[in-house]
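S.K.: On the provided structure of chain E, position chain R as indicated by the hints.
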Amino acid sequence: SAVISQKPSRDICQRGTSLTIQCQVDSQVTMMFWYRQQPGQSLTLIATANQGSEATYESGFVIDKFPISRPNLTFSTLTVSNMSPEDSSIYLCSVRPGGNTGELFFGEGSRLTVL
Amino acid sequence: EDKVVQSPLSLVVHEGDTVTLNCSYEVTNFRSLLWYKQEKKAPTFLFMLTSSGIEKKSGRLSSILDKKELFSILNITATQTGDSAVYLCAVGSNSGYALNFGKGTSLLVTP
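Line order of the protein sequences matches chains E and R.
Numbers 11 to 125, taken from the numbering used here, label the letters of the first sequence in order.
Numbers 2 to 112, taken from the numbering used here, label the letters of the second sequence in order.
Extracted from the complex, chain E is given alone in its bound form:
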């Protein structure tokens, strides 16, 4: 299992600003995943954060908009840059310690509202 601490849990941001979300896991994991859930929608994978190398972004997401850091095997950050109201979402950090044989564990999520 894994316990994930994510912060901030919520924030209200001004258009054009950037916000960094932090994710701390209680055990070492190879990969961490960042998902976005826009209002009324399902979870969409933004990127996979790999320790020691650049994150792998999904189609439609770019590093300039969502830079990710992964300095060690228990911590990652996601920055949402130059925010617009369309970025208002819940951002979820997740890990899958058991690899393909296990479940995906989620942090509590960060609810961002961009005015």
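Careful, some of the hints might be misleading.
[To be verified] Residues from chain R that face chain E, not an exhaustive set, calculated with beta carbons under 7 Å:
no., residue
1, Leu47
2, Met49
3, Ala79
4, Gly83
5, Gly93
6, Gly105
Since the hints were made in silico from the structure, they are not lab data.
Since we're looking at a predicted model, the values are computed, not measured.
Every residue, glycine too, gets a C-beta built ideally from N, C-alpha and C.
M.R.: For chain R alone, coordinates are given in the frame of chain E:
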């Protein structure tokens, strides 16, 4: 492109009813199908299915996978108001560890 389709998108039932939620998928190199319950922010894990025809059960919830027809169902018997939530279906492949989620079924159980 991988696809996960859930139906219905929303459902309203009375307490005590039985509900069946559906999830169909098209995934290259299928590995597993997972069900999650989402009430506020973070989804919580319900079941992981990898083999066809083997029912997984937890209390009033059960789920089964059909790998030939590429779908799964989640059953909830004797529903309670606490079952009100969004139920998410997700599929994993052998190509990576991330999961591909469906849009979810929003279930409302009324007293």
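S.K.: Compare the structure with each hint and give your call.
M.R.: Outcome of the hint check:
| no. | hint | result |
| --- | --- | --- |
| 1 | Leu47 | 9 Å, violated |
| 2 | Met49 | 6 Å, holds |
| 3 | Ala79 | 25 Å, violated |
| 4 | Gly83 | 19 Å, violated |
| 5 | Gly93 | 6 Å, holds |
| 6 | Gly105 | 5 Å, holds |
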